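Chains as they are written, first to last, in the numbering used here: chain B, 8 to 306; chain X, 8 to 306; chain W, 8 to 306; chain P, 8 to 306.
Read the hints as simulated data drawn from the structure, not as lab findings. These numbers come from a predicted model, not from an experiment. Please note: incorrect hints may appear among the correct ones.
Stated by the list, open to error - Per the computed footprint, the stretches of chain W lying under chain X, defined by three or more beta-carbons under 8 Å from a beta-carbon of chain X, are: (1) 35–42; (2) 219–230; (3) 235–244.
Said to hold, decoys possible - Looking from chain P toward chain B, a few residues come up when the C-beta cut is under 8 Å (computed): (4) Gly75; (5) Leu91; (6) His93; (7) Glu179; (8) Gln181; (9) Ala182; (10) Ser183; (11) Leu185; (12) Val280; (13) Gly293.
What the hints assert, rightly or not - Here are the simulated lysine-lysine pairs, DSS-like style, with alpha carbons at most 25 Å apart: (14) Lys220(B) - Lys279(B); (15) Lys279(X) - Lys38(P); (16) Lys222(P) - Lys38(B); (17) Lys149(W) - Lys71(B); (18) Lys88(B) - Lys167(B); (19) Lys88(W) - Lys124(W); (20) Lys215(P) - Lys149(W); (21) Lys41(P) - Lys149(W); (22) Lys71(X) - Lys87(X); (23) Lys87(X) - Lys128(X); (24) Lys87(P) - Lys38(P); (25) Lys88(B) - Lys117(B); (26) Lys124(B) - Lys220(X); (27) Lys149(X) - Lys167(X); (28) Lys124(P) - Lys167(P); (29) Lys41(X) - Lys128(P); (30) Lys41(W) - Lys38(P); (31) Lys128(P) - Lys215(W); (32) Lys215(X) - Lys149(B); (33) Lys149(B) - Lys128(B); (34) Lys166(X) - Lys88(X); (35) Lys41(B) - Lys279(W); (36) Lys220(B) - Lys128(X); (37) Lys271(B) - Lys167(B); (38) Lys124(W) - Lys222(P); (39) Lys279(X) - Lys38(B); (40) Lys220(W) - Lys149(W).
Using N, Cα and C, we set each Cβ at its ideal position, and we do this for glycine too.
Protein chains: 4
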Amino acid sequence: MQIDGVEIEDTFAEAFDIYVSKFLITAATQKFAKIAADETVGFGSSVISCPAEAGIDDYVPPNKTPDGRPGYVVMICHPKKDELEHQLIERIGQCVLTSATTAVFDAMGKEADEQLKIGFKLKFFADGYDTEGKIGGRTIYKIPLMSGDFIIEGELGIKKGVAGGNFFVMAENQASALLGAEVAVDAIQGVSGTITPFPGGIVASGSKVGSNKYKFMHATTNEKFCPTLRGAEGIDCEIPEGIEGIYEIVIDGVGEQAIKDAMKAGISAAVKVPGVKRIYAGNYGGTLGAYQIWLTALF
Amino acid sequence: MQIDGVEIEDTFAEAFDIYVSKFLITAATQKFAKIAADETVGFGSSVISCPAEAGIDDYVPPNKTPDGRPGYVVMICHPKKDELEHQLIERIGQCVLTSATTAVFDAMGKEADEQLKIGFKLKFFADGYDTEGKIGGRTIYKIPLMSGDFIIEGELGIKKGVAGGNFFVMAENQASALLGAEVAVDAIQGVSGTITPFPGGIVASGSKVGSNKYKFMHATTNEKFCPTLRGAEGIDCEIPEGIEGIYEIVIDGVGEQAIKDAMKAGISAAVKVPGVKRIYAGNYGGTLGAYQIWLTALF
Amino acid sequence: MQIDGVEIEDTFAEAFDIYVSKFLITAATQKFAKIAADETVGFGSSVISCPAEAGIDDYVPPNKTPDGRPGYVVMICHPKKDELEHQLIERIGQCVLTSATTAVFDAMGKEADEQLKIGFKLKFFADGYDTEGKIGGRTIYKIPLMSGDFIIEGELGIKKGVAGGNFFVMAENQASALLGAEVAVDAIQGVSGTITPFPGGIVASGSKVGSNKYKFMHATTNEKFCPTLRGAEGIDCEIPEGIEGIYEIVIDGVGEQAIKDAMKAGISAAVKVPGVKRIYAGNYGGTLGAYQIWLTALF
Amino acid sequence: MQIDGVEIEDTFAEAFDIYVSKFLITAATQKFAKIAADETVGFGSSVISCPAEAGIDDYVPPNKTPDGRPGYVVMICHPKKDELEHQLIERIGQCVLTSATTAVFDAMGKEADEQLKIGFKLKFFADGYDTEGKIGGRTIYKIPLMSGDFIIEGELGIKKGVAGGNFFVMAENQASALLGAEVAVDAIQGVSGTITPFPGGIVASGSKVGSNKYKFMHATTNEKFCPTLRGAEGIDCEIPEGIEGIYEIVIDGVGEQAIKDAMKAGISAAVKVPGVKRIYAGNYGGTLGAYQIWLTALF
């Protein structure tokens, strides 16, 4: 299948179950909301070695937030529910509560499978001086700080979502692949309920599970897809002719449909970039993940 | 003591020993270097609950970097050396190696007490396909990726530095205290070898050690310094008359002198903001930290 | 009238007729769309001495633009229609056509009073090598450039709109007034069809018409509202007691209702900032402008 | 001549005399200094149709500015001295004086050929309420505003500089040429005394003088260098084989050496980008400009 002259490989992205949280960080200004959100989602590209996968889902203007201030919806994801709860407490406690002028509200709403008492637990920081209140029908706690009060909703919803939606942008050189990946990330930013947790939304280092050589490595470079190893001894290169640059986009989302929407939006944008030649996806032969998202079925 | 009509309290910041790493992340463009640096230093405000304290020290233009590309010097700090090494491997491996077009070089240089073999360890990701080389006299490893090669210097220097340098900006309202804190952070940004690890460099939630009420809490709000608790029952408020907003700046640095320079630069900037009334500092009576940095001795 | 304890003065903003254009700049990435938009709206705060009043109305994600790429809606305004046309040709020709990967589409749609043949005129830059085409039912021209093709819709709609909507944020100090102004600008950013053309959306220098002392000056500082002149000789200070900082927000919009919506959104946000004490508005006694927008009638 | 495998054409950039101003905009925070600088240099890509050529030269940290606040050095250029003076008064008056918390200081220093009384003229805005003072040995005027005082140095230095330094980045596709141009701009940003006045520093639309077809056009597309016109009827294409994307960098500077340094820095950076194949430069056969800067002589 071809779109705008770009080959869409007849293969699938293999995706996994993951627990997903989605909450809103507001602040006095958009700038301070962004600062808090960025700190909160940092060191959050992949649970291979990061303590969570995290990203910014969306900006919400003041007239659409519970407290009438600008905010960012943030998603934090983890395969284990108790680890997700732990991450929520640590990341909100250390990265949002400590940030100037912030507040936290649930953003999962009715989609939630379950409510975690994150606000309830964080209020112990107030050492007994917290007060309970209501904002727009939501139960919130006020935690007095040196700078004023931090406000957090008592419960934040989580749900079972999907991790590891993905596609590869393959191009005739690295710059085209990179520009293709950038435009894909911009497009996915517009799909609600999804994040691209890697830095800038882009994966420079698509990997394989395990290692051929080192038993202690859980993941190593995907040598068959490294352009600089083409023709090297012992390499069975699988990169199609004419491809010299490959970037991967990895997507976590609130559900399979959100992942599909994001993949479609991203691929549709990437194929418009001159020099982008093929769209590919990563899988493990269907042996590991609960979801198989076929590229050609998206269109 | 007064500067520009602002009272500089006759007290001291109590600071601690910490292990500090300092390395340079370069990328094709300043934008991609910033993306990688931001991801690397995220979730890194305080080791109370973050896995490290981290921040951006400085921007380095292309004509001053080993590979002629724009870069950011990043500092990662931890009280334990083995935890620092672990954080370097995880954060560089997950947040820089995965970022588009990046490379990593040592930035501690001759100041280092010790060299950690971070590049040497990360090269196992290449699954045997790494190559060794030289850039500007430095030993580097090339790790083939799907997008091209990731380059990292074999060893990164660390040293014993100082954590927890601090001062409080006290103002007649929250907005003045916040603007005072912002200008202080901008000023400290210019002091090489220091970072302000909290979100945007500012702490909204200065805390006390332990809790009056909950045995399981290691740190809780500093209720005697919470403006919204002034006059509340059981509160022995220590906020001077006329102060309604307080933000704290916390500084980690390569040494005591760097911390002093940063505190002086930050305070000098903050006192210029209308509405800022007092500069204060946090300590534990000298019982916990190795360093006592007296505010009035800075000037 | 009071909102959240802030006095809303019983006065009105006096606003004027102005011609307004509204168009969409798209580019390969959000970054390049923003670069083009920023250059296009620069040197565009007030027609007192700028060649136009200009600003960014809104970001539009890729799935909502005619060419499926990210874009910014930009508004350019001028009291004279022929000057507006001239500015459109110069600003699009010099700031968008010259920008990497850009395209321009009409964003006024059915609201337009009139169509200007901006694309038709700019295509002469192609020196005869332009081609006509269609994108999403719109007639566009392709202008070949060294970097590829620049695409612009043949006609861009304009309409009679309103300039000079305004309010003053008065606070107990400069920092509070500034923070109040910043949050107001963030809130107005969410109101479609309006811009705040001054730098960062904020006016530091509210002025009076003419001069008491210099015949050659068309506008000079509003000395009765300058906090640093309170109590100076010959000054009949009109700043209420307790006010030490004042910033003005000026709004241009596609119509009176848009201005009202923006004023309401901005004031509602500003009154939430601690230290903000009064909201005021600027007028000329109703002698100059076609519109009187009463502050208290907004709520 | 080849650098890193990229062909450096044996040709020259033809550059022109221009009057250059260089001044420093400081503000309370780096953010507000940037807002003012961006507004000031907007609509300033080329004097073909913009009222000036303008750009940001450099960021200056608080400890290096006359008033101890963060700032940006801005350059504004015009072929005519009286027009430059006019632009300085209008742009500083409308874009800096109106910006929150700003001040303006000379940044040309001893390099100046001449001093223009810009501060002296702008102080009439104070309507007689200005006061004279000294900051770091500089004569400054304080102009009372609603938000506080605007401070500007009495005289700003200008000098004869050089406009139109340039080179072309030619690549195997548009994405590589664009990435090559981006890295060149990042590198030139580090060369003091130079600006790249086009949007984002990059010219997408290199032009020829005049028109083959329309007498009323002063500049039109350079059809011989448009990749999408290769092979079109009547086109004598001069684009080398294998080149599909071309971006131009245009540089203005305080003198010929600064332009040379900037061209060398930019080219050195661009040739490192995969897919960049040739560096070229634009000239008029030496008939129009005072300076011939040969590419190969830079290395």
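### Message
For a C-alpha distance cap of 25 Å, please report whether Lys71(X) and Lys87(X) respect it.
### Response
violated (32 Å)
### Task
Verify the proposed pairing of Lys88(W) with Lys124(W), using a straight-line Cα cut of 25 Å.
holds (13 Å)
### Query
Lys41(W) and Lys38(P): Cα distance at most 25 Å?
Measuring from Cα to Cα gives roughly 17 Å; hence the hint holds.
### Task
Starting from Lys124(P), check that the Cα of Lys167(P) is at most 25 Å away, please.
It holds: about 17 Å lies between the C-alpha atoms, which stays within 25 Å.
### Message
Given a cut of 8 Å on the nearest C-beta pair, is the interface hint for Ser183(P) held or broken against chain B?
### Response
With Cβ-Cβ at 4 Å, under 8 Å, it holds.
### Task
Sort out whether Lys88(X) lies within 25 Å of Lys166(X), counting only the CA atoms.
holds (10 Å)
### Query
Against chain B, with CB atoms and a cut of 8 Å, does the hint on Leu185(P) hold up?
Since the shortest Cβ distance to chain B is 7 Å, the answer is holds.
### Task
Compare the distance between the alpha carbons of Lys88(B) and Lys117(B) with 25 Å, and conclude whether the hinted pair is satisfied.
Distance ~19 Å between Lys88(B) and Lys117(B) Cα, so the pair holds.
### Query
Between Lys279(X) and Lys38(B), does the CA-CA distance stay at or below 25 Å?
The hint holds at about 22 Å.
### Task
Let me know if the C-beta of His93(P) comes in closer than 8 Å to any C-beta of chain B, holds or violated.
Hint violated; His93(P) Cβ to chain B Cβ min 34 Å, cut 8 Å.
### chain B contact restraint on Val280(P) - CB to CB distance below 8 Å
Status holds, d = 6 Å.
#### Entry: Within 8 Å of chain X (C-beta), three or more residues of the region 35–42 of chain W
Three-residue rule not met by the region 35–42 of chain W, so violated; n is 1.
Checked against the numbered hints above, the structure breaks hints 1, 2, 3, 4, 5, 6, 13, 14, 16, 17, 21, 22, 24, 27, 29 and 40 and satisfies the rest.
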